[in-house]
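K.L.:
What follows is each chain in one-letter form.
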Amino acid sequence: MRFHSADLTVSTSKSMEIVDVPEQVDSVLAESRIRNGVLNLWVPHTTAAIMVNEHEANLWEDILTILGQLAPPSVNYSHDAKYVRSIKEQNARAHILNCLVKPSISLPIEEGRVLLGTWQSILFLEMDGPRTRSIHAKIMGE
Amino acid sequence: MRFHSADLTVSTSKSMEIVDVPEQVDSVLAESRIRNGVLNLWVPHTTAAIMVNEHEANLWEDILTILGQLAPPSVNYSHDAKYVRSIKEQNARAHILNCLVKPSISLPIEEGRVLLGTWQSILFLEMDGPRTRSIHAKIMGE
Amino acid sequence: MRFHSADLTVSTSKSMEIVDVPEQVDSVLAESRIRNGVLNLWVPHTTAAIMVNEHEANLWEDILTILGQLAPPSVNYSHDAKYVRSIKEQNARAHILNCLVKPSISLPIEEGRVLLGTWQSILFLEMDGPRTRSIHAKIMGE
Chain A
1 MRFHSADLTV STSKSMEIVD VPEQVDSVLA ESRIRNGVLN LWVPHTTAAI MVNEHEANLW
61 EDILTILGQL APPSVNYSHD AKYVRSIKEQ NARAHILNCL VKPSISLPIE EGRVLLGTWQ
121 SILFLEMDGP RTRSIHAKIM GE
Chain B
1001 MRFHSADLTV STSKSMEIVD VPEQVDSVLA ESRIRNGVLN LWVPHTTAAI MVNEHEANLW
1061 EDILTILGQL APPSVNYSHD AKYVRSIKEQ NARAHILNCL VKPSISLPIE EGRVLLGTWQ
1121 SILFLEMDGP RTRSIHAKIM GE
Chain C
2001 MRFHSADLTV STSKSMEIVD VPEQVDSVLA ESRIRNGVLN LWVPHTTAAI MVNEHEANLW
2061 EDILTILGQL APPSVNYSHD AKYVRSIKEQ NARAHILNCL VKPSISLPIE EGRVLLGTWQ
2121 SILFLEMDGP RTRSIHAKIM GE
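Read top to bottom, the protein sequences are chains A, B and C. Using this note's numbering, the letters of the first sequence correspond one by one to residues 1 to 142. Using this note's numbering, the letters of the second sequence correspond one by one to residues 1001 to 1142. Using this note's numbering, the letters of the third sequence correspond one by one to residues 2001 to 2142.
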């Protein structure tokens, strides 16, 4: 049984942005030399998240459009009212969407690779950027 | 420490459909002879997902109704515009809902069984069917 | 390799309520003496869920407001129509939101502590209370 952990870094340039991270994940997996196990990706932030879907820029626009509608700007958020003097803290929408998209995902590792389907890519979702964020990758296996 | 993996197959007959898979999962668990550990279910697709809720056909209708409203047909999806000549590729809504319902879930195994509550059943969610899909089950434990 | 399991209990006083559980989780982790591994939190219920976000009462109000809008009371839910004589069973909205917020989350353990970010707290989400519920905590590691 082996354990391997590493922190990945993601930088964004917009307030909401999707960033593809499969190469960084592959390199952590190669370092670990684990060929059979489970990879847990963990975002230690409350206004960013992790998901797995297609690498397709038009689709990413659509995802951000719909997420923006699920927690619409028209609602009077109590969290934002509390921080009325600090525009930077008016991020209730990002917190709420983190509860839906989630900061954690577990993926199987088989024969030394993450078992991603043909169209699957690992996507980091920034919702309160631009920022530099970290993703904690933890692999347990043999 | 033991590892056991298996691929389950799910076939659907509608574009959006919920299918119950607990018997297939039980049979993978029995094969594994693991009595204490964690089961990771992984859907290697970008337009299907996995969830755990009640086996109740009326409820399943309600789930599909609300999901359909979260990513409404009235939005002009960029992903779909790109594939305007191929109706089969106009599946942005299914991709977006996968980011919410997720393609992965981890469940505890205690005393040789998946620790499902009284009303819990493992449900596969097809959002771009009808299709034949796979679910990768991976168990780590002892 | 070690395994440790424990059941936490959460009681609520409202129909929808968020409850912070990090102290209970810390005490399970201390008992386990596992310093490196993964913690899986599992809610064996179909109308409650688990999430990780900020401990901030105003934000919790906002989360409940938006969740209430995602599965609005104005829809005629088939599940509720089936149980028209039993107001207690008219909980389709809670079931649907469980499919989105999810009953499971996996968190990394490093150096004997759950790797929560500065603003992260483990939050139990009751959606069909008041009730007494359980959360199953399972830790695998060394």
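Don't read these hints as lab results, they were simulated from the structure. For each residue, glycine too, the CB sits at the ideal point set by N, CA and C. Among these hints, one or two may not hold up.
[Unchecked claim] To give a feel for the contact side, a few chain C residues facing chain A, derived at Cβ under 8 Å:
#1 Met2016
#2 Glu2056
#3 Asn2058
#4 Ile2063
#5 Ile2066
#6 Leu2070
#7 Ala2081
#8 Val2084
#9 Ile2087
#10 Leu2100
#11 Leu2107
#12 Glu2110
#13 Glu2111
#14 Trp2119
#15 Met2140
#16 Glu2142
K.L.:
With 8 Å as the cut and Cβ atoms as the points, is C:Met2140 at the interface with chain A?
P.N.:
holds (7 Å)
K.L.:
Per the CB criterion, is C:Glu2056 less than 8 Å away from chain A?
P.N.:
holds (6 Å)
K.L.:
Can the hint on C:Ile2066 be confirmed by a CB-to-CB distance to chain A that is less than 8 Å?
P.N.:
Holds. Min distance 5 Å.
K.L.:
Do the numbers back the hint for C:Leu2107, that is, is its least Cβ distance to chain A under 8 Å?
P.N.:
Constraint on C:Leu2107 satisfied, holds at 6 Å.
K.L.:
Is the hint on C:Ala2081 kept, meaning its closest Cβ partner in chain A is under 8 Å away?
P.N.:
violated (26 Å)
K.L.:
Take the shortest C-beta to C-beta distance between C:Ile2063 and chain A; is it under 8 Å?
P.N.:
Since the shortest Cβ distance to chain A is 5 Å, the answer is holds.
K.L.:
Taking 8 Å as the limit, does the beta-carbon of C:Glu2142 come near enough to a beta-carbon in chain A?
P.N.:
holds (7 Å)
K.L.:
Please check whether C:Asn2058 passes as an interface residue: C-beta within 8 Å of a C-beta belonging to chain A.
P.N.:
holds (4 Å)
K.L.:
Hint C:Ile2087 vs chain A: min CB-CB distance below 8 Å?
P.N.:
Since the shortest Cβ distance to chain A is 27 Å, the answer is violated.
K.L.:
Taking 8 Å as the limit, does the beta-carbon of C:Glu2110 come near enough to a beta-carbon in chain A?
P.N.:
holds (6 Å)
K.L.:
Given C:Leu2100 as an interface hint, is the shortest Cβ-Cβ distance to chain A below 8 Å?
P.N.:
Result: holds, 6 Å to nearest chain A Cβ.
K.L.:
Against chain A, is C:Val2084 within 8 Å by beta-carbon distance?
P.N.:
violated (30 Å)
The structure does not agree with the numbered hints 1, 7, 8, 9 and 13 stated previously, though it agrees with the rest.
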